[in-house]
Each structure stands twice: as C-alpha cells, then as structure tokens.
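Colleague: Keeping their order, the protein sequence lines are chains A and B.
So in the numbering used here, the last one in the first sequence is 318, and the numbering has no gaps at all.
So in the numbering used here, the last one in the second sequence is 1274, and the numbering has no gaps at all.
Rather than coming from a laboratory, the hints here were simulated on the basis of the structure.
Among the hints, a few may not be true.
[Stated by the list, open to error] Below are the EDC-like pairs computed for lysine to aspartate or glutamate, each with C-alpha atoms no more than 16 Å apart in a straight line: (1) B:K1119 - A:E213; (2) A:K211 - B:D1099; (3) A:K211 - B:E1102; (4) A:K132 - A:D191; (5) B:K1113 - A:D199; (6) A:K211 - B:E1075.
Source: prediction; values computed, not measured.
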Amino acid sequence: MELRPRFALKNSASSREPSKWGGSRRQRVLVERTVHWVLFACAAVSVLTTTGIVITLLGETVQFFGEVPILDFLTGTRWTPLFASQNFGVLPLVNGTVAVALVAIVVAVPVGLLTAIFLSEYAPGRVRSVVKPILEVLAGIPTVVYGYFALQFVTPILRGIFPQTQIFNVASAGIVMGFMILPMMASISEDAIRAVPRDLRQGAYALGATKLEVITRVVVPGALSGILAAVILSISRAIGETMIVAIAAGLQPKMGFDLLSSMETMTAYIVQVSLGDTQQDTIEYRTIFAVGTLLFVLTFIMNVLSDLLVRRYREAYE
Amino acid sequence: MINLRVGDQAKDVANVDQRDGGAILATTHLSFWYAKFLAIEDVSIEMPDRKITAIIGPSGCGKSTFLRCFNRMNELIPGTRIEGDVMFRGTNVNDRSVDPVEIRRQVGMVFQKPNPFPKSIYDNVAYGPRVNRYQGSMDEIVETSLRRAALWDEVKDDLKKSGLALSGGQQQRLCIARALAVQPEVLLMDEPCSALDPIATTRIEDLMRELREDLSIVIVTHNMQQAARVSDRTAFFTLGEAGAGVLVEHDETQRIFTTPSDDRTEAYITGRFG
Chain A
1 MELRPRFALK
11 NSASSREPSK
21 WGGSRRQRVL
31 VERTVHWVLF
41 ACAAVSVLTT
51 TGIVITLLGE
61 TVQFFGEVPI
71 LDFLTGTRWT
81 PLFASQNFGV
91 LPLVNGTVAV
101 ALVAIVVAVP
111 VGLLTAIFLS
121 EYAPGRVRSV
131 VKPILEVLAG
141 IPTVVYGYFA
151 LQFVTPILRG
161 IFPQTQIFNV
171 ASAGIVMGFM
181 ILPMMASISE
191 DAIRAVPRDL
201 RQGAYALGAT
211 KLEVITRVVV
221 PGALSGILAA
231 VILSISRAIG
241 ETMIVAIAAG
251 LQPKMGFDLL
261 SSMETMTAYI
271 VQVSLGDTQQ
281 DTIEYRTIFA
291 VGTLLFVLTF
301 IMNVLSDLLV
311 RRYREAYE
Chain B
1001 MINLRVGDQA
1011 KDVANVDQRD
1021 GGAILATTHL
1031 SFWYAKFLAI
1041 EDVSIEMPDR
1051 KITAIIGPSG
1061 CGKSTFLRCF
1071 NRMNELIPGT
1081 RIEGDVMFRG
1091 TNVNDRSVDP
1101 VEIRRQVGMV
1111 FQKPNPFPKS
1121 IYDNVAYGPR
1131 VNRYQGSMDE
1141 IVETSLRRAA
1151 LWDEVKDDLK
1161 KSGLALSGGQ
1171 QQRLCIARAL
1181 AVQPEVLLMD
1191 EPCSALDPIA
1201 TTRIEDLMRE
1211 LREDLSIVIV
1221 THNMQQAARV
1231 SDRTAFFTLG
1241 EAGAGVLVEH
1251 DETQRIFTTP
1261 SDDRTEAYIT
1271 GRFG
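Make a model of the complete structure from these sequences and hints.
Modeller: Put into structure tokens, the structure is as follows:
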C-alpha cells in the first residue's frame, strides 16, 4: 500500500492534483466537540439529580435538627410526630425496617445462594435456560403486586398457622420481600461463582475432591466476597423497599421483634406522611426528610461496602 | 532435611518390593471423542515406573487430552467418550468399580497455569489430605510436601500467607507440593513450565529429577529442549490423517532425539514442522 500524506503540504507534489480524501479538519473538530458536549450533558444529568436530591434532603434535615436534637432523634424509642404529644425517636422505625429486612434476608440469602450454586454447578444447560428466565420474571414483577400478594395470599396462610397473626404483619411482608430480592441475590452470587476460574475447580478435582468438596471448599470460598456483596446489596434493597411494607406490614411504629404483629418501617412512614394531610413546612412534615436522610445514609454505606467487596474479589484472580 | 531423606529412602525400599518396575501406566487402542470430534485415535503405549516420560508434538494433537485420560479428568467435561483401555498398575481406570476420586489421589496432576487456591500456603497443601480424610499429622505432611517441592525454605516463615501472593514459579511449586501431599504414585504435568521464566523452569526441572526417585512423571511439553533435558522416555504425537491426534512413536529420549525411526518425528524435532 502506498503511503501518502493526508494533509496537504504546500508545494508538495500531491497538492497539485485535486485530493481524493474528503472532509475538512474544521468539520471533524466541530463534530468531535459536539459529541463530547452532548455526552457530557447526559452524564451531568444524573450527577445534578443526585446533588439536587441530597441538597433538598439535607436542607430540610438541617432545619429539622434545629428543632429536634440529633441525639434524641437517633436514640429515642418513641416515634409519635403525628400525635399531640410529639416524640421524635426514630428507633421504632429503624426497628421495623431491620425486622422486615431480616426476614427478607433469611428467605433470600439461603435460597438465592443455593439457587446460584445449582444454576452454575449442577444444572444442565437445558434446565438453566428455563430457570434463569423465570428468575428474571420474578425480578420484573412490580412491587405493588408483591405487596398485595403478601396481604392477600401469604398473610391468610400465616393466620391459618398462627391465629394470633395480625392482618398487617412483618413476617408476611418480609417473606414476600425475600422472594422479590431472591433473583438479585441469585444472579449476583452466580456471577461471583462463575468468576471462580475453572483451573481452581480442576485443581481440586485432581486432588481427589468430590463435587461437593470442590464447591464447599474451593468455589464458594473463592466467590465469598462476591457473595457477601450480593448479601449486602440485598439488605440494602430490603431496607429501601417501600411498596410491600406500606401495603402489608402496617403503620405502627414500635420496638421489639414480634414478627406476627404490625410494625412501621422508615419507608412506610415516609409514604404515610407524603400521602397524608400533613401541612408542609411543619416539623411533622420535616420528619420525613430526616428519616429519608437516614435511609439514604444507610443504603449508601451498604452500597459502598458491597463495592469494596466486589473490587476485592475481582482483584483476587487477575 | 537429612532426616527426611533417610525416611524417604526407607519408604523407597519398602515400595520397591511391591513395585515390579514394569509399566505403571498403559493404554491400549485408546480413542477419545469430544462430542463427535475425535481428539485422539488408537493410542497404545506403556510408561515405565519411576521414569519421566515426556509427551511432545505440535499444538492441538491431543497431548493434554491424552494426559487427562489417566486421572479421568476428561469425564468432567460433558459429552466426551472414551474407547480402549487406560491402565494404572494393571487396573482399568475407567472400570465401573473404580472410584475416580481414588484414582485422582494416586495419579496427581499439575496444570499449565499455576492454580493455587485463594487460600493460605498451608491450606493449599493441606487441601488434598483434608478432602481425603488424612488421619496423620497435618503439619508434618505440609512440611514434607513443601520440602519435596523445594519450596519449604522460601515459605516456612509465612505459611499463613496467601498462595496467590507467591511468584509464578513459587506458585507452580506450591501446586506440585499440593499434588504431592496426597502421596500419589504418578504425577501428570501438563506443560508445567509454559507460564514460567527460564530460572523458575530450571528449578521445576531439577525438582522433577529429584521426584523421579519416588514417583513416575508424565510431562506434556511444547519445549523440545525440556523434553530432551529431563525425560527418560519420549512419546511423539502428531495429527493423523483423520485430523485426530495419533502416537507416532515412543522410545528412550536419547533415541528419539538422535535416531528417530519415523520421518515425521525427525521433521518435528529438527524444527521442519510444528
């Protein structure tokens, strides 16, 4: 192939004939710059949105803590901002959130992890190609549907087994939330398990390990940080989940772990106030921003933690 | 170290009586298929006990597949089929009554790429004895294995360190130590030095010569100099007319490299193809 300069040099032989190469430099630079700025603008939208949310949250939250001492908020065990005798101890809401999340995790983590192990280690390709899409359908169901499923289907079953079960209760919301989180838990764990190099499995088999020993002593430990990341993301998801708890878990902020009774979570409280007739610009209204900030901080910590773990397991095999 | 040598020799003497010095591994009319693809065709060979047998040949001629027949690693891949006999000490390893786990304990394997588990050095070596329910002292077997793999002096002070923190050559010796820990009679090595630098390669080769005292080694290698340097016998594989790997000839290494009986062998070792 002949090498010829694509920029026309003055007085050079090639500049005398008309060039066969189109496009001016000015035009190219213009297109490149435009593309750059359009892309930047799109990326900026999400950054600005996040910043906007944080500023809104923080502004109202700071005002709230001007009236309620932050320590009282974080350590108080009575939450009655909507009553005549107002108490602003957020712990009952945290308690409710933790209770529901705990039930959800107890359902989602073991079932999800075992599903992931089955899919990646045991299932023949045919079975896998059926089970995986079904799991993904589970992930695509709107949470409001899950909420009514909890209320209309799971709660009656629970009441059949434990007659003292309240109509709105933590157990039913938690169990259904567990199934909602299950696909995420299974899918992230499966990715982590599949990321364990085949070499390691072979090495273990070559030492006379059985399939179960290869899985329990090499594959799962090797994927542990990824699996932990999945657990943390699941917890984070459970904490932030709103619709199921608003529908099925009730609106009674209280302490304790009576799972068959009604409790209120942080998210359910925010819904309650947002949809209610609470006056804006009052202390009652500002509570939702304080609770929202707390929720944001909690899930943010969870996400950072899982990010660190994922990074750790990525490094392990490079 | 001195104590250990005495111990090993004593063990050798005891083993010599049991071993007849004949073939430890053998195949007769062995063919192997990945689904419908015939990978190796009609291979018959005997490999003598306590020798190093090198398997050489161009890429894709089924050397690794052949090696993996001896510890039934191929059956972990779905859709494979085997025909003919693979014998280990007179037992057909593919016989229904043979437990693959038991075969793999006696026929160890070292892989092309060092593959230590993401565990401590100690746990890497102890893995095999643990899964095989070894009843004796774990510390002792870890130390002995690391010494046999010539790694002990480099790692004895941080056995808790991750196996992945070692250099490539050390990792490969760790994998050898790990394989030795279950006290196999045969060590299959699938291009064990292809990912290592020349110095690390030399160490592994020295190690192989020492290990030959107690066990039989079969090594697949792309490196003909390596085969010439370390092995007692050499088997030359190539692609047959049907596109499957075939065994061309096998003999004393010296003969293969000086006076091979087949033209294809000569062409390969003189670098005219492959």
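Colleague: Need the status of pair K211 (chain A), E1075 (chain B): alpha-carbon distance at most 16 Å?
Modeller: holds, 13 Å
Colleague: Given the hint that K211 (chain A) pairs with D1099 (chain B), does the C-alpha gap stay at or below 16 Å?
Modeller: With Cα atoms ~13 Å apart, K211 (chain A) and D1099 (chain B) stay inside 16 Å; holds.
Colleague: Holds or violated: K132 (chain A) with D191 (chain A), Cα cutoff 16 Å?
Modeller: holds, 12 Å
Colleague: With the threshold set at 16 Å, check whether the alpha-carbon distance from K211 (chain A) to E1102 (chain B) stays at or below it.
Modeller: Given that 16 Å is the threshold and the Cα spacing comes to 14 Å, the pair holds.
Colleague: Decide if the proposed pair is consistent with the structure: K1113 (chain B) and D199 (chain A), CA atoms, cutoff 16 Å inclusive.
Modeller: This hinted pair holds, its Cα atoms lying about 8 Å apart.
Colleague: Are the Cα atoms of K1119 (chain B) and E213 (chain A) separated by 16 Å or less?
Modeller: At roughly 15 Å apart (the allowed maximum being 16 Å), E213 (chain A) and K1119 (chain B) satisfy the hint.
In the structure shown, no violation is registered for any of the earlier numbered hints.
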